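Protein chains in written order, with my numbering: chain A, 85 to 449; chain B, 1000 to 1282.
Just so you know, these hints were derived from the structure itself, not from any lab. Careful, some of the hints might be misleading.
[Said to hold, decoys possible] Straight-line alpha carbon distances no greater than 30 Å define the calculated BS3-like cross-link-like pairs of lysine-lysine that follow: (1) A/Lys229 / A/Lys110; (2) B/Lys1281 / A/Lys389; (3) A/Lys263 / B/Lys1184; (4) A/Lys395 / B/Lys1091; (5) A/Lys219 / A/Lys229; (6) A/Lys273 / B/Lys1172; (7) A/Lys262 / A/Lys395; (8) A/Lys218 / B/Lys1184; (9) A/Lys273 / A/Lys148; (10) A/Lys218 / B/Lys1215; (11) B/Lys1248 / A/Lys218; (12) A/Lys298 / A/Lys312; (13) A/Lys263 / A/Lys273; (14) B/Lys1091 / B/Lys1065; (15) A/Lys219 / B/Lys1273; (16) A/Lys389 / A/Lys219; (17) A/Lys192 / B/Lys1184; (18) B/Lys1171 / B/Lys1125; (19) A/Lys273 / B/Lys1281; (20) A/Lys273 / B/Lys1200; (21) B/Lys1124 / B/Lys1200; (22) A/Lys218 / B/Lys1187; (23) A/Lys174 / A/Lys423; (24) B/Lys1281 / B/Lys1215; (25) B/Lys1184 / A/Lys312; (26) B/Lys1172 / A/Lys342; (27) A/Lys434 / A/Lys106.
[Said to hold, decoys possible] Away from chain B, derived, C-beta distances all over 10 Å, residues of chain A: (28) His104; (29) Arg151; (30) Asn291; (31) Leu307; (32) Gly358; (33) Ile374; (34) Ile394; (35) Phe406; (36) Asn445; (37) Val449.
Given the structure is predicted, the values throughout are model-derived calculations rather than measurements. Glycine included, C-beta positions come from ideal geometry on N, C-alpha and C.
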Amino acid sequence: MQPEKKRISFCTVCMNRLAHLKQTLKANIKDNETYGNLEFVLLDYNSGDGLEDYAKDQLKNYIKDNRLVYYKTCTPKYFNRSHSRNLLFKLATGDIICNIDADNYTGKNFAAYVNNAFCDPDRVFLSTLGLTGKKDVLGRIGISKTDFLNIGGFDETMVNYGFEDYDIINRLQLSGVKKYLIEEESYLKYIPHTNAERICSEQLYNNLHSFMIKYLTPASSELWLLFKNNQFTRGTIVHNRLAGDFFPYSKKNGEHIKYTYSILEDNWIDGHWGDLNPDIELFADGYNEILRYDAEGNYFRGGDKRLYPIKESTLIEEGIFFYSQVFNRIIMEDNLSRKNICVNLNGFGKDTVYKNFDYNNPVTV
Amino acid sequence: MKELTVSIFYNQEEWHILNTAFIIPLLDSLDKGNDNLQFNILLNSLNGSNVKLILLLPDDDFEDCKHLIDSKLRFFLSHNPSAPVSLSFPLKGFFMDFPNNTYWYNIYYQGSALWFNTMNDNNFKKIHACLSRTILNTLSNERIDNESIFTFSLYLQIGIVRAGSNNLKEAKKLVSGMLSCFDQKEEKRMIDSELAEDQLKNLYSRNESILAEIFKDVWNRPCSADLAWLENWINTCSVTIKENISGCKTSYNLLKAINDHLETSLSTSLVTLKLVNMALQKM
């Protein structure tokens, strides 16, 4: 007997990923056309790469026959993973909502596979977290809309890149929903891309003025991120798996097993900076310091140590990734330790969007 | 038995001195002529150029052995300090290196997965032991640089292919099988997307003569007397490959063992294996 076909929404957010979407979306629609009770929901997250024109021109037939719904928000300046997905999932009408990143291929009959998984008598969600070597498909999650709304969606205090997907599955599991791992290779194809592409629309990446490192020991260094809005943040990165006299293993239970790097005491110190060309002035609570620039050595002198401005793009990306992920990871660990199931208590996914190019009737979410 | 890892931070250009003047005599004195000391040598550049010596020592003798290592290392480093390593700031990573001419015990947290415990296959224990002895024997005579390590790894790789095949036809089949073991790896995707076919051909033509020379050394069995270490390596690999069901998978795992010891990456192994494949196709 064929299982009942639940209504499924395949949801894709797109901000400046049109090149990927052009390759994946039509293929995904075609690969799942036999399922029937399926909608594709595309959220144009203020994409600046001509997505809207493409949708009007190339996707109109899918929109016309209700296989695809196109929403556009003009609000965000930068990509916000938690907010964008919350907004999109709330717009979706399916009983089951499945996130398909713009660079992901669903593979043939993925919708039927999802439906089968949700025939389980237990409450389940689909995830790829736990697969190794598959970082490009780790955004894939399938969840019942009811469960999604009950736990308050993705945690919107996680404004950076990373761990928001781990956090939501932690909270789903805490609420008694069982994880179903998507292992079938045919559903896990994707378009490879660089780390820079991954974060180029994020606020942090666009707002970064400079990144500096103060080397302390072989297992610890101060990372300094100076932002274009004259704020700065600094924290001591700790290598959790290095011991010896330089630095003890992290005292936090198990942290050295889970994560290679942490921020000392989970503490980023924030302040403001001023450009005294070529020097830099720093202000924070009860603290004021001028970093003197040494042109010969190309470093700033701070206290008895040197701060080296980083120019090498890969290391800057690693720095952004680290800051971004640790920021979110600390929130995730906090949610987990407090067994916090429901987040965003003041609401989530709020925005005004326009459906299928109808700009006369804004939809307020 | 208890495991002890000591990381000796020493300028790579002088590793051959470290090997001959410290590690080999130390191993002799720890072994006391019994020829049953279990040790592994890993060449490493993480947090500074270092040689990692991993020893499995009897519980009863552990503290005495550690004391012996301590005193010998202190003496060696104070009398034979290697030249300072020139560093260009800012560094390539987040952390500064360990100071040159220092040594540290068990600096990398491994949890319960100690090095020797990770080898559940007895044949692979022999492979790692063989690789360690080979490193000591071959990289002790002259200055070590990245090129010499790369050439050495090519010998070892082609040695694996030789160990798993009796003729060129079998060798081609084996290499093709080994390459398919990379299919599911992220490295394969990266290499395939970053290294275009013509770049690979270019790389091959630049290395064609060295590959031909190595093939000649490896293929003619038994290897010449000055390559006794290579003969030993091929024989050790041969036993391991024969005793496992999948020759390709085992050979692929042997490649990974080389990576462990020489700190070569899986991507490098893949590229060199592709070059080996191209060389074989031309034979």
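Exercise for the section: Against the earlier hints, flag every one the structure doesn't satisfy and list their numbers going up. Expected result: Hint check: 2, 7, 10, 14, 16, 19, 21, 25, 26, 31, 34 and 35 fail, others pass.
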